[in-house]
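A.B. asks: Protein chains in written order, with our numbering: chain W, 171 to 491; chain E, 171 to 491.
Simulated from the structure, these hints should not be mistaken for laboratory data.
The structure presented is a predicted model; accordingly, all values stated were derived computationally and were not measured.
C-beta: ideal position from N, C-alpha, C; glycine also.
Don't take every hint at face value.
[As the list claims (entries may be wrong)] Here are the simulated lysine-lysine pairs, DSBU-like style, with alpha carbons at most 35 Å apart:
1) Lys264(W) to Lys417(E)
2) Lys358(W) to Lys417(E)
3) Lys417(E) to Lys402(E)
4) Lys175(E) to Lys417(E)
5) Lys417(W) to Lys213(W)
6) Lys264(W) to Lys392(W)
[Said to hold, decoys possible] Calculated from the model, a selection of chain E residues having no Cβ within reach of chain W, i.e. all distances over 10 Å:
7) Lys175
8) Ala176
9) Pro183
10) Arg205
11) Leu260
12) Lys264
13) Ala289
14) Ser293
15) Thr300
16) Ser308
17) Arg328
18) Leu409
19) Ala421
[Claimed, not checked] Among the chain W residues that face chain E by a calculated CB cut under 10 Å, a handful are:
20) Ala194
21) Asp256
22) Leu260
23) Gly263
24) Pro265
25) His286
26) Val291
27) Thr297
28) Leu316
There are 2 protein chains.
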Amino acid sequence: MKKFKASFAAELPRINAALAAAVAELPAPARPIARHILDAGGKRLRPFLTLLFARLFDAAEADRHRLAITLEMLHAATLLHDDVLDNALLRRGKPAAHTVFDVPAVILGGDALLSHANAIVASFGDTRMTRCFSEAISSTTAGEILEIAARGRTGISRQEYENMVRGKTAWLIRAACEMGALAAGASKAGVQAAAVYGENLGMAFQLVDDALDFAPEEITGKPTGGDVREGKFTPPLRLYRQSLADKERAAFDAAFARGFMTENEAAAIARRIRQAGYDAQTRAEAQHFLHTALAALRGMPDTDTLSLLRDLCVYARDRGQ
Amino acid sequence: MKKFKASFAAELPRINAALAAAVAELPAPARPIARHILDAGGKRLRPFLTLLFARLFDAAEADRHRLAITLEMLHAATLLHDDVLDNALLRRGKPAAHTVFDVPAVILGGDALLSHANAIVASFGDTRMTRCFSEAISSTTAGEILEIAARGRTGISRQEYENMVRGKTAWLIRAACEMGALAAGASKAGVQAAAVYGENLGMAFQLVDDALDFAPEEITGKPTGGDVREGKFTPPLRLYRQSLADKERAAFDAAFARGFMTENEAAAIARRIRQAGYDAQTRAEAQHFLHTALAALRGMPDTDTLSLLRDLCVYARDRGQ
């Protein structure tokens, strides 16, 4: 794990330099908004994955940072739009962009990031890359639309939830991995393996996030139970709701649909979720996806890069523990 | 001109069928929003231009409607976002989408249209097409960002204004023409001619729109002087402002910047603009762009398609007269 973190840290300056260069190419009024969201932090997981998969299939140390940042730009664009749609006050512990700039500027700032990333990918002149990127935009948008439509509803099945997360979160991480494999000229089977790894890693990331949402604030630095207050019916909540008696369940459904749950009510639900181990059960579901991700790497030459990709699955599993 | 309108009308059913098919492929919650904006009317100018240029360079009657609608989808996406940003109540004489659906749904509906159009273009597997489309998205977004930043400002030069319009309006029309030429496998010079024609036609369309904004409501069906009330410093307003004495000009600047102009004040400005002929002068500027558009067609074989493209310049010039 030490090696994984060191490798991540070593890439960060070049990733951030490539991001800064791309932001400087945006229309002037969009730049401060792009900087606001990108400078607020973030793990740069997506560019890192692109670089790792490029290296996995082609050991030559080519400069692929300009390609690698495109999925981070798309990610930042969705965060800007999401925060407007959710009317969120904070993002990564700092004021959300639309509380600092105005809403039209933030929406257009997101559009500018997305469209410039799309243009950067197009400039590589590789139709497989443009297809990969355009599918990532479509799937992410579709996932967000499904999520907004599902807000406040408790009748969402596990299958429906997974489809939503696959679009909203996992597809972008999948595309980051695929993009690296494509840049390295990997075989069709190689690109497919990158896609399977990325999609399943992304699913696991989201499920662990869903579990962490009910952890005490001391651990995450975020108020406990944000999802239940925002009407997001995540797996720990599905398990919690199943455990309720009919009367309790009807009361929960009504409060959830109204979207007027207090911090105290959310904290009480979070305590019951932790006591019953529904968060741990959600982490176990994540583990299932991580097994699939690891299986996709089977048979590949045992390089340092491969072991970093394996470490990333351990990191995804153990976050916040 | 009769032939031009008949040819337009003959294409319409196939264009609308291709649009309906693409909308049916969107995520379910986005479909009613896409239908709302697309069914509200619109000339379908952009798909028509793509089809015309495809035919100009390749007489074979291939089915290019699925490609042709992509720039209409992008156009519709920008209208959805624009109306949210402008808080417009009406679009094409009907309630704007965000007054019927909610704002998040409309923003995501626009995102869905844009991303699906991008995916359709990518599916053709032609890097010149994906570059053309991604440049159209970037330029349109950049133009909108500049327009929002310029709102309420009177110090905008003719050059700045033209740059904004080139991004916001003309680039998309240019891309529609280029896309047709690319689909037909035109030479580099042919694609360039299509681009020059489209960009200049687009500039002319916007300038005539700017002039028409000060026409009486009986002619356009829209309240007179909408632009001045929305803080858009268009060419007729630039000419009007130049004609004012210092004291009058200071009062105009203050009211324009505040954005609190009444319908009566706007109507009074519109009357003075018409009396002084500043709207006619703006139409004359449009004519200059149309000459450049027509010049780009010089030397091409004198087919029916070419004469339709020439007629379109006459139509653009004479709208609302």
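A.B. asks: Against the earlier hints, flag every one the structure doesn't satisfy and list their numbers going up.
C.D. replies: 1, 2, 4, 5, 13, 14, 15, 16, 20, 22, 23, 24
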